[in-house]
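Chemist: Given next are the chains, with one letter for each unit.
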Amino acid sequence: DAMVIQNPRYQVTQFGKPVTLSCSQTLNHNVMYWYQQKSSQAPKLLFHYYDKDFNNEADTPDNFQSRRPNTSFCFLDIRSPGLGDAAMYLCATSPSQGQPQHFGDGTRLSIL
Amino acid sequence: AQSVTQLGSHVSVSEGALVLLRCNYSSSVPPYLFWYVQYPNQGLQLLLKYTTGATLVKGINGFEAEFKKSETSFHLTKPSAHMSDAAEYFCAVSLYSTLTFGKGTMLLVSP
Chain S
2 DAMVIQNPRY QVTQFGKPVT LSCSQTLNHN VMYWYQQKSS QAPKLLFHYY DKDFNNEADT
62 PDNFQSRRPN TSFCFLDIRS PGLGDAAMYL CATSPSQGQP QHFGDGTRLS IL
Chain X
32 AQSVTQLGSH VSVSEGALVL LRCNYSSSVP PYLFWYVQYP NQGLQLLLKY TTGATLVKGI
92 NGFEAEFKKS ETSFHLTKPS AHMSDAAEYF CAVSLYSTLT FGKGTMLLVS P
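Top line first, the protein sequences correspond to chains S and X. Each residue of the first sequence is one higher than the one before, starting from 2 at the first, in this note's numbering. Each residue of the second sequence is one higher than the one before, starting from 32 at the first, in this note's numbering.
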């Protein structure tokens, strides 16, 4: 089945130690999104790629960066994680902007 | 700018009872509207969507929603709740770009 896959499902890192979360898709969708979701809150969009065009939300901290080396893969890099960055990180894709998004199961990030 | 308001952070129903989850939106033009469901430790799954055309849309798992432009609402309903419906539900709006989510409603189903 075509899907969005996030690895790992659970990630533990130390305060200040860089961490990378990965997302892959077999849907061949043009748009890929990264969301941060804290407990009992709605997903918050961090950034998205429309093909190779990167779009950063205005309030996304500089600590967060993303790479999309090809259509299928997208990475979220957190350069110096703080305790406040502990959250579920969700990757999603859509054929184009405004279309329904398909979500992965997320990576739950813990900071020690 | 677009925004979504979901009334009630928690809704409790008995198994077999009607489910009604409320969603109101604010948008300068008619947007695309979505309902997503999220089970614990999982991503969001699309329940249904409204883009254009028929205002009553049917989704998966017996859910449906009606777009009412005059009320700027897109409430989610299901005639008879099942235990497996217990989850968090998010209403979302899109103006041909990114999604704006509501804060979510946790549906609790009791036997």
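Any given hint might turn out to be false.
Straight line, CA to CA, 25 Å or less: simulated BS3-like cross-link-like pairs of lysine-lysine [unchecked claim]: (1) S:K39 to X:K134; (2) S:K53 to X:K134; (3) X:K80 to S:K45; (4) X:K89 to X:K99.
These are computed hints drawn from the structure, not numbers from a lab.
Chemist: For each hint, tell me whether it holds in the structure or not.
Modeler: Results for each hint:
For the given pair, K39 (chain S) sits about 11 Å from K134 (chain X) by alpha-carbon distance, which is consistent with the 25 Å threshold. In summary, the hint linking K53 (chain S) to K134 (chain X) is not supported, as the alpha carbons are separated by about 30 Å, beyond the 25 Å threshold. As the CA atoms of K80 (chain X) and K45 (chain S) are separated by approximately 20 Å, the hinted pair is consistent with the 25 Å bound. For the hint linking K89 (chain X) to K99 (chain X), the alpha-carbon distance of about 15 Å falls within 25 Å, and the restraint holds.
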